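S.K.: Each chain, written out:
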Amino acid sequence: MSKRSRRAEMQAARRARARADRERRRDPARALVSAMMLFYFSAFLLIALQGEIQWQGFALAAAVPMMIYIATLWLPRFFPADKLLLAIANFLCALGVLVLYSTDRGAGTSRGMQQAMYYGIGIIAMLVCIMIVRYIRRWKFLMKVVMMGAAALMVLPLAIGTEQNGATNWIVIGGTSLQPSEVVKIALLLILGWYMSRHQFWPWFLFAGFSLLVLMLQKDLGTALIYYITTLLLFYASTGNLPLTGLGVIGGCGAAVVGYKMFAHVKKRVAIWRNPWIYYETSGYQIAQTLMAIASGGLFGVGLGLGAPRVIPVYFTDCIFAVICEQFGVIFGILVLAMYVILILRGTFIAQSSRHSFHAIMAMGATVMLGVQTFIIIGGVLKMIPLTGVTMPFVSYGGTSLVSCMGLIGLIQGVASVNQDDLTYDYEISRSLQEEMLLPEADR
Amino acid sequence: MKQLKLRFRVLTLLVIGLLFVAGAYGVYSVSAYGNRWVSSTRNTRYRSAKRSVSPGDIIDRNGVTVATTDENGQRVYQSNILSRSSLVHLLGDDEGNIANGVESFQANYLLGFETSLTERVNAFLKGETRKGDSIAITADSKLHTEIVQIFRNTSNTKGKCGAVAVMNYKTGEVLALVSLPVYDPQNITATIKNSTQHPFWNRAVQSTLPPGSTFKIITAVAMLENMADAQTHVFNCTGATQVMDQVITDYGNDQHGEITLEKAFRLSCNNCFAQAALLMGDSALRKTAENFGFNDNFLFRDLVVENSSYPTKDRNNFEIAWSGAGQSKVAATPLHLCMISAAIANDGVMMEPRLLSRVQSPAGVVRLRYSQKAYRTACSPETAKIIDGYMKTVVKSGTGTRAKVDGLTIAGKTGSAEGSANGLDVTHAWFTGYIDDDRYPYAVSVLVEAGGTGGSVAAPVAQKIFEYLRDNAAVY
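Residue numbers (my numbering), protein chains in the order written: chain V, 918 to 1361; chain R, 618 to 1093.
The shape of chain R in the complex, shown without the other chains:
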């Protein structure tokens, strides 16, 4: 009987343990994912809440009101069509077509769900309609407009899909997050809804594509970390490295001969990086990629970003070799590539991208202020310094010369990624880089889908953005 009762205690502990785990899991998942579930385009609750609350304003970093509610309770954006269109993916529209835009992801502030009871009672007694909190964001409306215009006015990028991310690499503030094509949030036509270019898709944070040669930043870091002679090792580029029964080729079937890492990085030599990937092995490269945030579950406070992936399954040598050059199921979003350059610029420390700078109640009480946080340490400052040098030579005399800007030191890396769209093989043009200058601590990434080579299509876009930042960044 005594034994029996002792064992009862075991059963109780077991069952209570299960309930405890369930509770803990519930609390964890709601605190980690709750905001994402609530701001899902499928949640109809906020749409009904909008009927009783007047949503708060959204203000950009220069104090421009980019979204407000008029006296009829209608949500209105900037009066200029181009201005409001260029911000549409960042903010989202009133119909909730964009997943996790500021309008839905920060709805608990905008719709006043954080309002305290006394404030609610006060508003009720005064007979006012309840008003939500206003939000200040770190993004720059004018920069968004500029980027859309650059895309539209350049012959190489006109009419193409793409994305641009601009962030401050020292603080993590996101200045611009543009996805193209854009559309007018106050006039959503059937053409937009049925467009094969999927305008509702927020490419800057939602589309994961092979990063192509921009991934060589990470391969180079892995080489410096894993190969003692990385900087002096001589690779032999015949233009066609035999791996298994297939060959690794270079863009345009170039042959670079005997080259070292620095030159290979500058000329973006696939053969060299493929050989290096095989030398280091899959797991070493994967580890460095994971240090840079690949395969991590991004749970940023203000932004919902699709996870980037580096394959974890066993693969054959041909696939591993191509991973060294950012192909073969390696995938990342434009924002993540911007964060990768930003980490190199910031001595190896990757900042968490942030969008919310201040939340203010209708009565003027500041509920929340911007706070910066390092997301992770991607590599050592020494490694970052060496890569920084390589990236500068890319712009100075390598594949990225078309991103050069007078009076500034630009570092960058181009990429021409093999992908497919609608069943056809296409080349996505990439550029990721930054300004090495304390006055302009900005990192930029540009993606032009099916655009061609990164050096000729994406780099000129980045150049114009750098120039704009040089001429206007005094505002910040």
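Pulled out of the complex, with its shape left as it was, chain V reads as follows:
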């Protein structure tokens, strides 16, 4: 072989590699993730260099884009995944870390670092959920175990729980506090999906009713609302029984009215919602501060790390949306809302493409749950509905909440990967049939 032909061969190989490279770069998900990584890298760097230089900022500037890369581009090499859904969930998680880290400056807290750790755990939780959906096939007995376990977990706070902000929904195990109702969300969706797809009414009904009762006893009304709406909507989707669904809506409204009449703190919440300014000195303080923060940001915000976010009570969980609006502006806030909308659209698409009704209902449930929770907290922060203490999915500070939200994404991704496997399987069958000349060749 002559030197020239070898050179030509090498050039051809190089060209082929370059073409493959270009193609990979042209992958829209790649461009999106690169933009996200650049955004977070520079954002963390900016805060790290603000005033006194902090090593945590540099660590996060490296770690957060790294985690985004791993979760959205590297992991999907091992199983088919919906990259857009992954990218949005990761963007929101990283946004939480960023905002928390920026509010840490000068406050002596280290929520940003902690949240970054939870984010890592969240990615693992997502993987676990993907595995569960992909590889566990024999649910019949397992589902009963899940149900028992979840019920037991649910009751735990009543026995050994600690009270926080008026609700007894926390347990402390070995120094780390945990909110069982968040973890049980995943179990609830598995249970609802399994039994609803099998048209077995009582098992899921009893479990959902039991969970609701326990949540009421714990006075965790926000979470109870999420459980109730998700269950009701899934019931409607799986049966199409409008009269009973209507009854459920009426029942829910009735319960709300009874709750309003019976509990003084519910009445107070509603009164604050109607006019927070007259209760400014006491209970209206939080929502009034939230509104002032949102308005102070204006359209484009006061800037990352600026403003006075810490005057808002619980700025790191319930009211984190107000902090985002103050620093990045109302337009960014609306865009964040739009991201949740895209997330819901992707979730619905995945649920609709599923071939197994168990998977379909479960994925839809996870989507609806995330959507409803987003509405409850953002509506509350904007004073559209009374503020109830639930977290903003992916963004709010808190390990259990973040982990459970990523778990929900894991469920949806699991279903997406099964869908993709099904498609590949179809394709392979049709190709093998084609090879055996049993099917005509598809038109190109």
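A hint or two may mislead.
[Stated by the list, open to error] Pairwise CB distance ranges, derived in the manner of DEER restraints:
| no. | chain 1 | residue 1 | chain 2 | residue 2 | range |
| --- | --- | --- | --- | --- | --- |
| 1 | R | R747 | V | L1216 | 13 to 21 Å |
| 2 | V | A1255 | R | A1038 | 49 to 57 Å |
| 3 | R | Y650 | V | T1199 | 18 to 26 Å |
Rather than coming from a laboratory, the hints here were simulated on the basis of the structure.
As the structure is a prediction and not an experimental result, all values here were calculated from the model.
Glycine residues also receive a C-beta, built at the ideal position from the N, C-alpha and C atoms.
We have chain V already, so just place chain R on it with the hints.
M.R.: Frame of chain V; chain R shown alone:
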């Protein structure tokens, strides 16, 4: 399975719809109320912003600088104590004691929040402290001083609480918005802070009181709109109209006998208007009041004004009858009463009150210029013409003769409203009126809290203001 997926779509639409509504609500409430939230006395953010930005100047309509920042970053007002005190409620003070004064309500301009990025970078590169935009307002500093002096030098009003609003009824420009007592913004003592007269309260836009007989302007409009024979209908004033088991009386227990609307308006006869209110019914009167802005959520661009109210609940006849005379839970602010006369003067069109005439950046770029806008059409030009005639007779030969000014045609209406202060029954003195002259298109309203009758206490104050406008309005 297909059904299931169709229903999924319903769920998605529902949830996305909810999020969409939340977003739309957020955008709406921030654009409608955002400025009010930000300028709340409770917002600490602007106080911290003042440390890094040097707030811009405020200039009145004659070019007098009424607020500026000195080289030490200290906010200073006019050097004359009386001058700066008389503007304190309109501008607000450095401590933020006044709700929604220009200093806080326009803080996004004064503190340079509207400054573009290139301007900020430029200032940074030059090493300058950032400077906010300067604002020109439509108010007249000298007129404010004059009004405070009138209040102080008249024996009937000396030491009393009250408010005055002066505006141009053709354009909506606010010339004066005074609340008494005033205080010195550069020397806020403990006496002022603990005063039982609440000097921090901006009465011209914040206190809603029963308008009393000044509300008869609206009752008369309602009569003209709803009763075909309004101008000829003969009412019988016995001095005590029996409604249910109570009676409607007139001030000083006067008896007017058989009278028509014109005379009743001139003499401010409660019995006639009470009977008219019962004849028309609550909803007809309420509708006219709402045309004049009652029960509306005032969202003016430059001013935060407390909403005026006309009761919406079912009420008994006695209460309805008294509403015809501006009592019984009808309430309005002095500025709103000024706007009501202004609407009559302006052929039934109520202009939006405006305070900002120009916003200018430190480099001289004009960011915003005054633009006038009609707030609403209160009544037809024909109705306004008739009421205009009635209001002129009030000043010519009725209850408001003490507002008469040589060489000008004044129209007005007095009011003596029954209210309570510190648990005691008091009479608030009101006057609202305007100059019918194209050279001086000004409407004025005067409130003297617990002052006595409108004709003897409020009308003379208005008269002096009209005289001042006659002698000095050439400046404008």
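S.K.: Does the Cβ distance between V/A1255 and R/A1038 fall inside 49 to 57 Å?
M.R.: holds (53 Å)
S.K.: Does the beta carbon distance between R/R747 and V/L1216 stay inside 13 to 21 Å, or does it fall outside?
M.R.: The hinted range 13 to 21 Å holds for R/R747 and V/L1216, with Cβ atoms some 19 Å apart.
S.K.: Determine whether the Cβ-Cβ distance between R/Y650 and V/T1199 falls within the hinted range of 18 to 26 Å.
M.R.: holds (22 Å)
No hint from the list above goes unmet by this structure.
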